[in-house]
Every structure is written in structure tokens, then in C-alpha cells.
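Trainee: The chain contents come next:
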Amino acid sequence: MNNLDEIKDWIALCNAKARYCRTLDTKDWDGFRDLFTEDYELDVSDGTGKPVIKGRDAAMASVQSSILTAKTAHQVHTPEITLNGDEAHAIWAMQDRVVWGPDKSLTGYGHYHERWVRQNGEWKIAALKLTRLHMDFQFPAPAA
Amino acid sequence: MNNLDEIKDWIALCNAKARYCRTLDTKDWDGFRDLFTEDYELDVSDGTGKPVIKGRDAAMASVQSSILTAKTAHQVHTPEITLNGDEAHAIWAMQDRVVWGPDKSLTGYGHYHERWVRQNGEWKIAALKLTRLHMDFQFPAPAA
Amino acid sequence: MNNLDEIKDWIALCNAKARYCRTLDTKDWDGFRDLFTEDYELDVSDGTGKPVIKGRDAAMASVQSSILTAKTAHQVHTPEITLNGDEAHAIWAMQDRVVWGPDKSLTGYGHYHERWVRQNGEWKIAALKLTRLHMDFQFPAPAA
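Residue numbers (the numbering used here), protein chains in the order written: chain A, 1 to 144; chain B, 1 to 144; chain C, 1 to 144.
Please note that the accuracy of each hint is not assured.
When chains are identical, the list treats them as one kind, so a pair holds in a single copy or across two.
In silico PhoX-like pairs for lysine-lysine, Cα to Cα no more than 25 Å straight-line [to be verified]:
{"hint": "1", "residue 1": "Lys129", "residue 2": "Lys54"}
{"hint": "2", "residue 1": "Lys71", "residue 2": "Lys129"}
{"hint": "3", "residue 1": "Lys27", "residue 2": "Lys54"}
{"hint": "4", "residue 1": "Lys104", "residue 2": "Lys27"}
{"hint": "5", "residue 1": "Lys50", "residue 2": "Lys104"}
{"hint": "6", "residue 1": "Lys54", "residue 2": "Lys124"}
{"hint": "7", "residue 1": "Lys27", "residue 2": "Lys71"}
{"hint": "8", "residue 1": "Lys27", "residue 2": "Lys129"}
{"hint": "9", "residue 1": "Lys27", "residue 2": "Lys124"}
{"hint": "10", "residue 1": "Lys104", "residue 2": "Lys71"}
{"hint": "11", "residue 1": "Lys129", "residue 2": "Lys50"}
These are calculated hints, taken from the structure and not from any lab test.
Here the structure is a predicted model, which means the values were calculated and not measured.
All chains should be built: construct the whole structure from the sequences, respecting the hints.
Mentor: Here is the structure:
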């Protein structure tokens, strides 16, 4: 960060990512959707070979189908942000707690790797790739 | 954040909230108490209908009675801060781990919604409301 | 934080600590090593009487022997940073998840207390002391 404008962008990007987590976890889907570009690309494959999800509509549908009935807490930490005019790259440490029911839940750890673009003065996420460090799953015991 | 003074306030508020967590978890009660206004209002009802606790003395007594014998770690993330002169509003993502004993503990997730005021140049919390996303309780199994 | 240069230092220190966590957890040992001074001192004794580890080489060896085969996620929050020219002190809230295997793991909470120095324009950690609030261990049940 080299000057006041870059520091303002740094804080604006932190604010936007805070809204990402809060709108996702409170299921404020309109507020969540507003954080992405129309051509948003979501890559949660993490080495599994799953295809990248292309387009905001498809990404919203995928996220909602995963957690619509779950309680979630996505928390992010210690951004590493690189600014280049109206584009920015960010890496965030992340933790997510996802509870589908009393005997099916996940606590995971990893990083979000993001590309942001400024559109009409507002930062939007154009691409997000999730890499995982570790996931702890709590699943039902198999039927006896 | 529009200018250097606002960015300084943003960092000052982040510092004050860091002290909130550290003094609470290390049970530095004098340092903790110093972070609140005398007319501080604490709302941890989260939809239960519990009354708002009014006044710093009552709030300190309530917090201490909850966790005096527990080990705790309150961690907060990604502030959304709105400044208005000597007043500020903040939303923080939060996680708390509270361990009352080997078979009674809690890991919780939620948000702090706060009103801060500047008194004699120092930011103090005037009101705090906790909303919960999810709580994982570990309680003793009922006696057989 | 009193002026633009101090705010730039504050963000630079946050970035460096973000790299600390990311390089440690992704086992980017060259990147991790680059964050410390040659005379780095690591104190993880936390009241046990264990000696302070002196020197970057010894500290790297100690860290690697602890977690080389483990999956880890070290996450840090809410820095309290004090700047004094080319030296800085920081306190970070921390959480670590360390998984040595399916039945041996740790989730811990505490604070890093650090001294940083600026060398050739880059912030390096000269000393780090870890204090613990609480540790949750998951260990194998004793053999029947």
C-alpha cells in the first residue's frame, strides 16, 4: 500500500469481504449476489477435477444448493491484497463451520484466492478459488 | 473511509476491540471495564426475550458470573465500521470457545453489533448486541 | 497510528504476519524462513520452563519437527501493534488446528507476542512468544 487511495481501497476490499461472509451466513441472498460480477467464476474443485462454475447465476445456485438448509459460519482472516488500479488480487485465510444437522457437519480450513474488479466504483469478486488445508467432518455412524 | 483521520479512527477502533477480546480472555477485568461507557447496554438476548442489561456495573457482573471459572477465547473478524464524527457503528464476526470444565463447553459463532462513542479522545463501547449463527454445545451425558 | 507512514507500516506488518501463517500451513519453508531475523528467538514455553529456542536455524528445526507430517491451520486476529521507527511490537490473537492423524489432534487458542525489526526495508520477526488461553486435545483412547 503506497498512498492514501490504496489504503482506502484496502479497507474497501476488507469491507466487501466482510459483507461476503455476513450475507452468506445470514442467507441475505440479494446482498450476497450483489458482491459478484455477472461473469463470476467459482472454483471449489481443490484438486478433485470438478469443473469451474461459470457465471454468477450458476454459482449462486451451487452455493445455495449446498447450504440452503444448513447453519453456516464463514470467517476470514489476514488478507494479502495486491492492487492494480481497478483490479485487485486477494488471498484470505478462511475457516468454515457448516452444520447440516446434529450428526452431519464440517469444520474446514483453507484459503480463498480471489480476483476483484471495480465496477462503477464498487469492488466485485470476479473469480474465487478455494484451496483447503484440512477438513474435519462429523458424519453419522454407519448403520449397525 | 474517506480521509486519513477516518482511517486512523478505523485502526483505533480495531485496536480497542482487540483489547476487548484480550482483556476478557485474560480476565484483566480493570482493562476490560475501561472499554465501556458508564451507561453501556449489553444485549445478549438473541431472540430469547431476555432483558437488555443496562449500565456498565450490571454488565460487568453478568459477564463475570458467566465465565469467571471458565477458560475462554473470544476472537473477532472482518469489521464493518461506519463512522459519524464521535460515534461509530461496528459489526464484527465472532467466534467464542468457552470451557467450563472437561465435559461442559461451547463453541459459538455470530456477530457483535456495536455502537461506540469517543469520550475524551478514547473510543468506548456504548451498546453491544450479540446475534448468533450457531452454537455447538458439549454437555455431560445425562446420568444413566 | 499517527500518520500515513505508520498506517503503511501497520498494513505491511499485517501482510507479513499473513505470510507467516500461509507459508507455515502450506509448508513453504523457504518463504517461512524468510520472515525471521537470523538471531530470531522463539519462546513456546508458556510456563512449562522449556528453554527459549535461540537462532533462526534452531527455531526452524523445532517447528518442522513438530508439524512436518501434520496438517495445520494457524489463524491470527485483531493485531495490537506499537511502532517505534524500525522496531515494532505486536500482539495477535491466534487459533491453531494441528492434525497429526485421525486420532491425534489439537485445537488451541492464545496470543502471539512479537518483536519485529525492519531490515533493508522488510519487516522480520526477531522474537515470538506464545501464550495459551486453552488447548483442546484429541488423543487416542488408552488401549483397553
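Trainee: Does each hint fit the structure? Answer for all of them.
Mentor: Tested hints:
no., hint, verdict
1, Lys129 <-> Lys54, "within (12 Å within a copy, 39 Å between copies)"
2, Lys71 <-> Lys129, "both (22 Å within a copy, 20 Å between copies)"
3, Lys27 <-> Lys54, "within (21 Å within a copy, 31 Å between copies)"
4, Lys104 <-> Lys27, "within (20 Å within a copy, 30 Å between copies)"
5, Lys50 <-> Lys104, "within (23 Å within a copy, 30 Å between copies)"
6, Lys54 <-> Lys124, "within (15 Å within a copy, 41 Å between copies)"
7, Lys27 <-> Lys71, "within (9 Å within a copy, 31 Å between copies)"
8, Lys27 <-> Lys129, "both (21 Å within a copy, 19 Å between copies)"
9, Lys27 <-> Lys124, "within (18 Å within a copy, 31 Å between copies)"
10, Lys104 <-> Lys71, "both (11 Å within a copy, 22 Å between copies)"
11, Lys129 <-> Lys50, "within (12 Å within a copy, 41 Å between copies)"
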